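Q: Residue-level listing of the chains:
Protein chains: 2
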Amino acid sequence: MAQHDAPAKAAWNFAAGPARLPDAVLARAGAALFERGADGAAAIERPFTGAGFREVLADARQRLAALLGVPDHYRVLFLAGGAMHQFSMLPMNLLDPASGLRRVAYADSGYWSRRAMQEAARYAEVAVVARHAGALPLTAPPLDDWQVPPDCAYCHITANETVDGIAYPAWPNTGAVPLVADATSCFLSAPLDVSKFGLIYASAQKNIGPSGLTVVIVREDLLRRPALAAPSALCYRLQAAQDSCLNTPPTLAIHLAALVFDWISESGGLVAMASANRRKADLLYSAIDSSQGFYTAPVAHGHRSTTNVRFHLADERLTEVFLTDAAAAGLHHLRGHRQVGGLRASLYNAMPDAGVAALVDFMAEFARGHG
Amino acid sequence: MAQHDAPAKAAWNFAAGPARLPDAVLARAGAALFERGADGAAAIERPFTGAGFREVLADARQRLAALLGVPDHYRVLFLAGGAMHQFSMLPMNLLDPASGLRRVAYADSGYWSRRAMQEAARYAEVAVVARHAGALPLTAPPLDDWQVPPDCAYCHITANETVDGIAYPAWPNTGAVPLVADATSCFLSAPLDVSKFGLIYASAQKNIGPSGLTVVIVREDLLRRPALAAPSALCYRLQAAQDSCLNTPPTLAIHLAALVFDWISESGGLVAMASANRRKADLLYSAIDSSQGFYTAPVAHGHRSTTNVRFHLADERLTEVFLTDAAAAGLHHLRGHRQVGGLRASLYNAMPDAGVAALVDFMAEFARGHG
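Note that the protein sequences, when read in sequence, are chains A and B. Take the first sequence: its position 41, counting from 1, is numbered 41 in UniProt numbering, and each next residue is one higher. Take the second sequence: its position 202, counting from 1, is numbered 202 in UniProt numbering, and each next residue is one higher.
Hints are computed from structural coordinates only; laboratory data are not their basis. These figures come from a predicted structure and were not determined experimentally. Backbone N, C-alpha and C define an ideal beta-carbon position, used for all residues, glycine too. Among the hints, a few may not be true.
Stated by the list, open to error - In silico SDA-like links for lysine to any residue, alpha-carbon gap of 20 Å or less: (1) K196/B x D315/A; (2) K9/A x A38/B; (3) K9/B x R36/A; (4) K9/A x K9/B; (5) K9/B x A38/A.
Unchecked claim - For the chain B half of the interface with chain A, some residues (derived, Cβ under 7 Å), not all of them: (6) N13; (7) G30; (8) E45; (9) H73; (10) P210.
The whole structure should be built from the sequences, with the hints applied where relevant.
A: The following block contains the structure:
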């Protein structure tokens, strides 16, 4: 076979988000979104007030609720924007000075939790109730002994630190103060006990689909807070009262999310996702740990993210060579976040075993060539 | 030919938004967004920090600036959310009490301008500087004699009232106070002299593409206002400093917008859009005006929207019959907004002459059957 007829080499996208979508979703998406139906409209062209879109929205909500087992006293919202919008919405919606809820509590587990608390600090005093040590190996903040002041409107954790590669091994006890989680980069990667949280949010560009959409799951009692300062479009209560349609929602992104929820259901649900994600992460972390120090993982066992696997070359000067050679081998977007450097492979639900196997094979070969 | 082999009858979608996209964009979108490239990623899967997306963003910005002739001292932003987000962002970003800008000015031209001013009133005192009469035939607020108080941070108009079907025939003179326009439903329907405005915003689901994205064109001097109250993701200055990428932008929607901008350019630009839109609107308004009172248009000549054509049946009891029969004839989403009733045909750039011709033919036939 002539070289120009060679089959295209497999290429793998390890980006942290927007990130790889399931093959089956990509295969369906064009027709599902862009082919016109009997009403002369494709999904992207349908009015958000009509039955066509409202059925998609209801299906997305019901399917997500079924996947997670969302209790009846929670509401599922599909909102425009990303997690950064939630960073402001949390204090704006949940503070309630008239009821004595004047402060907010945050745990510092890494880059994104600090970004979240910096934004919250613009609206209220922040009580930092736990910190990760910062020394190697990295861990999530210790879970014992959280003293959450009772005048805090909520206590915020970042369930999985996308940049740092740190995940909580379990959830803290915050007593009467509602626990709020940024679950962006671990959402739908495994079962999650929603009942432990007052509010969970996740921007969509990891395990849900496109950017520009954020899922919020909020306990109904929190919707009774006054939200005096929140812009209407950013008010949980108003959006919940209108089923996320106070204003035109991102209909295309919600439609894509529904396709992803379908795929997760068809693939065995969150138990199957968790099993596959554990297997993929174990394969990659084992390759790192068994490299005799050529590669190192900065995060301690038990605190390692299954979705965002961080590692470094012992000789950091090889990092650029690694990235160049990896790209040439069809392994893309492996550069670590600029704040922490090194390398990162994001292994969301849509990354198949074959992608991780290709990375592990390359890493072994690279180590042999440069060890 | 057996009946079940008959070619599908043409169907037309007259929804006010999300709305019809150009055929050529729909035809390209699936491959452009969902087919993977050499880096193993489809456009929807690419990181927003990488060269792939940044080229799409720069192309979208440059092409839009070229279409409109945006002057150099303006910035073009692509932000998550809809016009409702802008309703809050305007006062949050542009008020500057320390510089004496304590109030905001609004003109009341109909439904959406009132929604905009209601939201602004949560943040500052609103000076209503002009009102439409409210009596038939409807007009935009009169343009002479606008007394805009100098302590107003801006003066807001709704350039085209999507619900009421009213469009300004020209722009008011607001003196030293920056004129701000909600151009959502007329944006890119015709040339626009950006230099007359301090800020123009348009949510995308009319002439740009998908919902969940809003274009903002803002004069650079307005970015120097303090924006103390704005959530970071909703801060014009911060988003401008990061080229709309302070946080993950709606990459899929921006990519689609770029495809639409390409299509407008290839189709002759905004002069050609204006010519086609004038032709389509004239065809429909002529059918209404020549119906001997069977159909009536509530908006006065010179103030009629070319993009959102409102009309009523003289016998309002026929409205439901009209909608049912129209749908059976392949003419969809013609119901007027619930606040005003009647009928509405939205004729955005992507609606071809053939769609309007089909509607006009149906209207004549319906009038013959029920006159």
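Q: If a hint holds in the structure, say so; if it does not, say that too.
A: Hint-by-hint comparison with the structure:
A C-alpha spacing of about 58 Å is found between K196/B and D315/A, which places the hinted pair above 20 Å, so the restraint is violated. For the suggested pair K9/A and A38/B, the alpha carbons sit about 9 Å apart, so the restraint of at most 20 Å is met. Distance check on the hinted pair: K9/B and R36/A sit about 12 Å apart at the alpha-carbon level, within 20 Å; holds. As the CA atoms of K9/A and K9/B are separated by approximately 44 Å, the hinted pair breaks the 20 Å bound.
Distance check on the hinted pair: K9/B and A38/A sit about 9 Å apart at the alpha-carbon level, within 20 Å; holds. The interface hint given for N13/B holds, since its Cβ lies 4 Å from the closest Cβ of chain A, which is under the 7 Å cut-off. Interface hint status for G30/B: upheld, as the beta-carbon distance to the closest one in chain A is roughly 3 Å, under 7 Å. Given hint, E45/B at the interface with chain A, holds; its Cβ is 5 Å from that chain's nearest Cβ, closer than 7 Å.
A distance limit of 7 Å between C-beta atoms decides the matter here; for H73/B the minimum to chain A is near 28 Å, and the interface restraint is violated. At a threshold of 7 Å, the smallest CB-CB gap from P210/B to chain A is about 4 Å, leaving the interface hint in force.
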